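Visitor: With the hints as extra help, turn the sequences into a complete structure.
Okay, so the sequence shown: first residue is 4 according to the working numbering, each after it adds one.
Fair warning: there could be bad hints in the mix.
With a cut-off of at most 25 angstroms between alpha-carbon atoms, the simulated DSS-like pairs for lysine-lysine come out as follows [stated by the list, open to error]: (1) 162 <-> 141; (2) 162 <-> 208; (3) 141 <-> 208; (4) 141 <-> 156.
Treat the hints as calculated values from the structure; they're not laboratory data. A quick note: this is a predicted structure, and the numbers were derived from the prediction, not measured.
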Amino acid sequence: MRPRGLPNPENSRFLPPVEKDGPVRANLLKEEEGLEVFPWSSYPEYLKEPGRRVPWLRVDRLFGEHGIGRDDRRGRREFAMRMENRMQPNEALLKSIRRGWRFGGADFLERLGEEEKTRTTKKESYLAGEYSEVMEVKGRRIIGEELQRLGLKVEELGKLRRMDFRKGEIARRLRAETTLTMGWIAEELRAGNAGTLGNTLHRLKSRKC
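Guide: Structure representation (structure tokens):
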């Protein structure tokens, strides 16, 4: 979270660093001028010592993408040299970018894939958790309705036999109207474990036949 009182990069006067060569292509800089003189970019901040930069700027990620491991004078000089080289037209590079939908080294693309996989897994896990909670609420509502129909109270479930046919009737409705597991139903109905409840349902089915 950005500390209160610090400029918001999204609303600040600085352009994102990925657009540093934009002024050159747009002819906003003269041929002999360096990129650091362009005032509407965050690029000049990257060349400053850490204590002189705007507080919200992080340079480690961008430096890391260029293989620059240290934020010192040598590292900043290397970064500046790389950015200046970008001012030179590279038609082959531009052609490869225009042709494809993604651009970067093999390891960079692999990391993007891993991050996307992680986000997808977390999202699926979150949605599965929410769905499970909805089913449990529905299940307890059904149990309440069935207990009322049978003239029973929740606390009386523990006093009934684990294979009581009334527990089997409630379990049968839960299985028909929800996706709750046998283990969850057995625990809520005080009907032993999933195997015991399965035997109860089998006996109830045989009884109906």
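Visitor: All the hints need checking, so say for each whether the structure fits it.
Guide: Right, here's what the structure says about each hint:
1. 162 <-> 141: Holds, because 24 angstroms separates the two Cα atoms, which is no more than 25 angstroms.
2. 162 <-> 208: holds, 23 angstroms
3. 141 <-> 208: Roughly 24 angstroms separates the two Cα atoms, so the pair holds.
4. 141 <-> 156: holds, 18 angstroms
In summary, the structure agrees with every hint in the numbered list given earlier.
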